[in-house]
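Colleague: Keeping the supplied structure of chain A fixed, place chain B upon it in accordance with the hints.
Protein chains: 2
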Amino acid sequence: MAERRVLILAEGRFSVFDAKTATCVIRYAPQEVVAVLDSKTAGGTTDRVLGFGPPIPIVGTLEEGLARGPDTFLIGVAPRGGRLPEAWRRMVKDALEAGLTVVSGLHTFLSEDPELAAVAERTGSRIHDLRKVPTDLPVASRRAAEVDATVVLTVGTDCNVGKMTASVELTKAAERMGHAAAFAPTGQTGLFLGGRGLVVDRVIADFIAGAAETIVLENAPGTDFVFVEGQGSAIHPGYSGVTLGLLHGSMPDAQILVHPPTRERTLNDEVEIMPLADWIDLYERLAGYLKPAPVVGVAINGWDLSEGEAREWAARIEAETGVPAVDPVKFGAEPLVEAVIERVGVRKGKAAGARR
Amino acid sequence: MAERRVLILAEGRFSVFDAKTATCVIRYAPQEVVAVLDSKTAGGTTDRVLGFGPPIPIVGTLEEGLARGPDTFLIGVAPRGGRLPEAWRRMVKDALEAGLTVVSGLHTFLSEDPELAAVAERTGSRIHDLRKVPTDLPVASRRAAEVDATVVLTVGTDCNVGKMTASVELTKAAERMGHAAAFAPTGQTGLFLGGRGLVVDRVIADFIAGAAETIVLENAPGTDFVFVEGQGSAIHPGYSGVTLGLLHGSMPDAQILVHPPTRERTLNDEVEIMPLADWIDLYERLAGYLKPAPVVGVAINGWDLSEGEAREWAARIEAETGVPAVDPVKFGAEPLVEAVIERVGVRKGKAAGARR
Chain A
1 MAERRVLILA EGRFSVFDAK TATCVIRYAP QEVVAVLDSK TAGGTTDRVL GFGPPIPIVG
61 TLEEGLARGP DTFLIGVAPR GGRLPEAWRR MVKDALEAGL TVVSGLHTFL SEDPELAAVA
121 ERTGSRIHDL RKVPTDLPVA SRRAAEVDAT VVLTVGTDCN VGKMTASVEL TKAAERMGHA
181 AAFAPTGQTG LFLGGRGLVV DRVIADFIAG AAETIVLENA PGTDFVFVEG QGSAIHPGYS
241 GVTLGLLHGS MPDAQILVHP PTRERTLNDE VEIMPLADWI DLYERLAGYL KPAPVVGVAI
301 NGWDLSEGEA REWAARIEAE TGVPAVDPVK FGAEPLVEAV IERVGVRKGK AAGARR
Chain B
1 MAERRVLILA EGRFSVFDAK TATCVIRYAP QEVVAVLDSK TAGGTTDRVL GFGPPIPIVG
61 TLEEGLARGP DTFLIGVAPR GGRLPEAWRR MVKDALEAGL TVVSGLHTFL SEDPELAAVA
121 ERTGSRIHDL RKVPTDLPVA SRRAAEVDAT VVLTVGTDCN VGKMTASVEL TKAAERMGHA
181 AAFAPTGQTG LFLGGRGLVV DRVIADFIAG AAETIVLENA PGTDFVFVEG QGSAIHPGYS
241 GVTLGLLHGS MPDAQILVHP PTRERTLNDE VEIMPLADWI DLYERLAGYL KPAPVVGVAI
301 NGWDLSEGEA REWAARIEAE TGVPAVDPVK FGAEPLVEAV IERVGVRKGK AAGARR
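Chains as they are written, first to last, in the working numbering: chain A, 1 to 356; chain B, 1 to 356.
Isolated chain A (complex conformation) (with noise of 0.2 Å):
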């Protein structure tokens, strides 16, 4: 596939918190960014803004991003809630107008609005919308245990805590040690990077596990490792429920927990975080009613953490959760697919003989 030339609406937004989408395809997609689009910061760079990667401009208007040639326009937000802000609508008309192809994972679908629709329709222009699902899924029936390949969901102690960076971060690992590996993307970022996945929260309730479950199934044969993006955390007032449903439908053979450590308090909640250990057992827990599924690892988001202090909070957590911990973005996943096939395998048919 030929790369894409990515113009990334942040509009008022673009730091590493605000905008999720934008942050993690200027991580691992950089060089299909040809602009970020955000009033506030415009006339820097993206580096300057996230602390890492190429320094890639960030334009003020529309018409700057466009004069970069890009050829697709991604929205690079996604607000509470999912829906469009009606200030965005007049720059998706003139990127359709433009040619160029609008990517969403808004919950409001932008190629059923009929103002766009017809927008794209009179130039040719393409609309896709992360968020549209099949119609036809499954309700879960634990199909996805039957797999070989050995299945690893991401799980949070928040919303918002980097599982779909982790998950990335485990499939790139897994692959540099020899495996062959699928990233199973659960949501529109993680869609728009690649892989073969659906956009889970936006199923209707009784299918959740179900579209996890189909994308095991989708994702498993011929692999080694499935690794799986999590969603949400299995406490959070608005979310557990997604978690859960992701849990018992992708029926994962180990769990991998992602925190960010300076995190004292949740996001939207302010509920104090609870000890790690406690969340490790809570997801033992849940997923064990079903089917055992250790936590053999905590990865560690460290964005705000430098290399030493990152090393520190890994120690400190390894002591106090007895499983290893590692912030994967600097250091590499590794120790954590070792974590994976230590305790359960490389592949359940070759696992017979692991610690369970």
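None of these hints come from the bench; they were simulated from the model. Hints are not guaranteed to be accurate.
It does not matter which identical chain is meant; a pair holds if it fits inside one copy or across any two.
[To be verified] Once the Cα atoms are required to be at most 20 Å apart in a straight line, the calculated SDA-like pairs of lysine to any residue come out as:
(1) K291 x E264
(2) K172 x P30
(3) K132 x A315
(4) K291 x P275
(5) K132 x E112
(6) K291 x M274
(7) K291 x E272
(8) K132 x F109
(9) K132 x I273
Modeller: Frame of chain A; chain B shown alone:
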């Protein structure tokens, strides 16, 4: 509201077990039902099949049903996955032709089916899809915790254990005890019976908890109790996400565990049902991360038990769990309402001194 005259479609599947909607409507609104359509049991009466209620005729064809003068045609069977069997399409068309309002709880919206919609348009007959839900639901954020009414959620040891029935019985018992009480339906059958609610399992996954929150906020004003109909079970491979979202969105003050004592394994997955004390621990933990909600009693589903057997099971379950147990259909749910009052109070405003 004038009473309806309902013909219930339960073709090929009329039994307590297989026709949940039909069974519950006959239990709680028998005066509205003119006939059941099922060619397998045709010629008999519903009391012979169900073991309760008045002798409502069972007919074998739509024509015979229409002869009894219905104004409403209810799809009374909810197939796994919720879709309309092709064989029933003809009957729905004929019912619309005959001027009946068609009410459906299927996932496939009959009102959006071009052929059926055209018939409705031409004849002026109405199609009411119970599963249609609002598109502007919020992401939940614990707003339901702040209502003044005492919120009680029914939870179960499996799907299809009688959570709706228990919730209706709790509401009726509270009313008999002189309290204002609202039944908050979350499934299509409850919604058909009445009450402010919506079909939670039809909601987009991100908004499950938000749907539950909305239902509680709508029902709470001016009432002492809101009895929220639960769904699924916390470890059901297909539906656990809905269960947990409902729990975290409705923010109950207390939970009632519903269990059919003779069921030893789960319906669809052949897992052994855990001891009730473990179930109580699980639901209290899952709620307690966000807000304490003790399981204050067990509602026994004794559809297959004699009164004596139901009393024996109640004694056994009380000894095992330490909380009151009763078959609410046979004996009324008063002991369970009393348990709620003793543990958490009638209204939170008044419950400051109550044991939590």
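Colleague: Evaluate each hint against the coordinates.
Modeller: Cross-check of the supplied hints:
For a Cα distance limit of 20 Å, the shortest separation of K291 from E264 across copies, 19 Å, qualifies, whereas the shortest one inside one copy, 31 Å, does not. Taking the closest pair of Cα atoms, K172 and P30 come within 20 Å of each other only inside a single copy of the chain (16 Å); across copies the shortest separation is 62 Å, beyond that limit. Proximity of K132 to A315 under the C-alpha cut-off of 20 Å is found in neither arrangement, the shortest distances being 42 Å within a copy and 51 Å between copies. Taking the closest pair of Cα atoms, K291 and P275 come within 20 Å of each other only across two copies (18 Å); inside a single copy the shortest separation is 24 Å, beyond that limit.
For the homomeric pair K132 and E112, the shortest alpha-carbon distances inside one copy (11 Å) and between copies (18 Å) are both at most 20 Å. For the identical chains of this complex, K291 and M274 are inter-copy neighbours only, at 14 Å across copies versus 24 Å inside a copy, given an alpha-carbon limit of 20 Å. Only between protomers do K291 and E272 lie at most 20 Å apart by alpha-carbon distance; the minimum there is 13 Å, versus 29 Å within a single protomer. When the C-alpha separation of K132 and F109 is checked against a cutoff of 20 Å, the pair qualifies both within a copy, at 8 Å, and between copies, at 18 Å.
Neither within a single protomer nor between protomers do K132 and I273 lie at most 20 Å apart by alpha-carbon distance, with minima of 33 Å and 37 Å respectively.
Hints 3, 9 from the earlier list are contradicted by this structure; the remaining hints agree with it.
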